[in-house]
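Chemist: So you can see what is in the structure, the chains are spelled out below.
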Amino acid sequence: MKKIGILTLTIMMVSFIGCNSSDNKAENNAQTGTTEETAVTKTKPSYGKIQHVDIKPEIDKAMAEQGLRIFDVTCTSCHKYDERYVGPPLRKVTQTRTPEYVMNMILDTETMIDNDDTVKCLLQEYMLKMPNMQVDEKDARSVLEHLREIAQQ
Amino acid sequence: MRRLTTIFVSGVVLTALVFFMIGCPSTDKTAVTGSGQGNEAFVPPGKHDDFYAFMSGGFSGQIGVYGLPSGRLLRVIPVFSQDAEKGYGYSEETKPLLNTSHGFIQWDDLHHLQLSVTNGEQDGRWLFANANNTPRIARIDLRTFRTAEVIEIPNTGGNHASPFITENTEYIVSATRFSVPNEYSGNTDVPIETYKENFKGALTFVKCDNKNSGEMSLGFQILMPGFNYDLSRAGKDKSHGWFFFSCYNSEQANTMLEINASQKDKDFIAAVNWKKAEEYIAQGKGKMMKASYIHNTYDESTHTAKSETLTDVMTIDPAECPGIVYYIPTPKSPHGCDVDPTGEYIVGGGKLAAIIPVYSFTKMLDAINAKKFDGDFNGIPVLNYQAVLHGEVKKPGLGPLHTEFDGKGNAYTSFFVSSEIVKWDIKECKVLDRAPTYYSVGHLLVPGGDTRKPHGKYVIGMNKITKDRYLPTGPELTQSAQLYDISGDKMRMILDFPTIGEPHYAQACPADLLKKNSLKSYKLTENKHPYATLGEKEAKVERKGNDVHIYMSSIRSHFLPDNVEGVKLGDVVYFHVTNLEQDWDVPHGFAVKGGADCSELLLMPGETQTMKWIPKATGVYPFYCTDFCSALHQEMQGYIRVSPANSSVELKANTLAKK
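Chains A and B supply the protein sequences, listed in that same order.
FYI, our numbering numbers position 29 of the first sequence as 29, with every residue one higher than the one before it.
Each number in our numbering comes from the position in the second sequence (counting from 1) with 1000 added on.
Keep in mind that the hints were calculated from the coordinates and are not lab data.
What you are looking at is a predicted structure, and each value in this text was computed from that prediction instead of being measured.
Beta carbons: idealized from backbone N, C-alpha and C, even for Gly.
Relax, there's no trap hidden among the hints.
Sample of chain A residues at the chain B side, in silico, Cβ under 8 angstroms: (1) Asp72; (2) Val73; (3) Thr74; (4) Thr76; (5) Ser77; (6) Cys78; (7) Met127; (8) Leu128; (9) Pro131; (10) Asn132; (11) Met133; (12) Gln134.
Please model the entire structure based on the sequences and the hints provided.
Modeler: Here it is in structure tokens:
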């Protein structure tokens, strides 16, 4: 019951936010593979406890491999790479969202859902709050590396 | 109802008259009606209670967990009974916890509770509970509020004086309320009228791995004369090393105990020097006997319980080992047997008594040294009553049962017959205050009131009779409990609340001791269940002869697989469902139509549980989530198709074949 209450409240809040095309564009980009908004998104500060992620140009293979293991257990129930499932497809997520956004969605899910306009619009579209899967920071970082890797494939 | 009320009112009037005639102090009018303020027990919405209270569910075989002072019911912990709300005793993983040497027992009678202690103070690690009917002791893990272990007690009938513990949780005791033919004699098929020669009363000391896992094992068993051993308490501080057991039926009657076991003016409290018993055993004076008893343990990494049968029991005969046991004469059908926080005073309750005897541990040791005995019973010395008596509380009320302490030199005793709690000064043996209970109080509780460090503040009376306290609900009523503030000189009732089953004993501890340790979910990365589905990629179906294993995942809001075909009549289907959620308070339920053996599961985040489902007819059976999980909870469903035994439909399911 309390969950419905929170959801209803969230929907009410969302209804005050204009989910315009530019918000949805990021999603579309993920599906089409375009990256035109990347630069714009990256200039925004992220909500949540992760304010900076060190990213090297090359992929850390070992880290990405560990990330795949975590991804398979904790993420695949709702996310596929290339098609909409319970949640959005994730192949191009690292090209349309900042590393901080990805990390905070995993680690500080509730804060992102409550504050980030893009996430609010996604909630309106998918109607399901992403659960906090209690992943630790090291594992979340490895999931990010895995997502960076698959974006190149 | 009116007739009942009339009878009841007459009873109250009669009791009041009896009181009047024996000249007891009149009852406090403000206590009768409560404080009238009605807000002292109020905990505002969103705020937490100060104490956890664990109250036995009696014949429900469960434990109710309440917040104090609000009296809000927070959880029911299943221990010795199947519990549909939790799936306990229904899933394949939890069934073994109810195994005994007599087979799977669905329903038992849980009486008393004890929180683990270190140096005589609550340490917040475990809670112990006893099964009275088919004798067992259970250990509940206070991180999960779940039953972690159950050990059966052999050679015992009616495990009542249990699970009382020593001050460092070295031992948890069990004692036979119904003496039984000695299992170790090789012949228990004896005429009941040979009670005196063939029946024994075993006192069992169950060892606890108190420094580590808490796991229990049988330490030793003292084979006592065949009395009814009733309640017990460990010594503390100066009396640490001793244990005190009340007993009745020293007449050794085997029929109509109501009359035949009330013949003698005094029965006994058995004072047991368990450290001395340990010494005798170390010297080889014990005898290893053969029995058959079950030990059930729950493995938190596999989410699965297992049962093993054990056979060895170390026994010791007090007649052959002097100095282990002494009997203290105790008047009028002894019941409660409680030791004050200093360990010096032992308070006896007598179901038919009109005084409360208080014994002194120091005097007891002196009497033993000076051999102030009034004979013996089967070789066990009987101490002289006056020599060990500290004092008697005169005219305290009728039928004193149990006593708790506030750590300020006061004792609180429950009186069943006169339906009241009486506060008295231990040293002076003097009544200070009395408060009526509604109605016929049995056990009572002060948070930490049985330890070396009581937390005081409240006393709760747990009543045997409810009658008109709440809105009527037909012939079956909930039980009633009353909460009194004891921070001042006078006890003041501040709350009246219902409890489940019949609460016998209860325990309470500060909330801070437990809440920081409370587990929120089972980590998927630590899930070692052999049939776990760790991620949807692992979802699959497998046939092994007539057994079909379905590895299924559940997450908001779908199962995978959610379509299964190729099951045939005659198959036994095992649904191994893993809840892939890792967030707190996101359980999923799982229900399949027509499961006569088991048809529902409840899965905490990260947990795997198994339903054994045996279809009885062909067709397509729906299954669904029973615990509201998201806006699309109604969509969380699936189908399993059952075909005839000779069908050629292949076993298949819609698992994740592609990325």
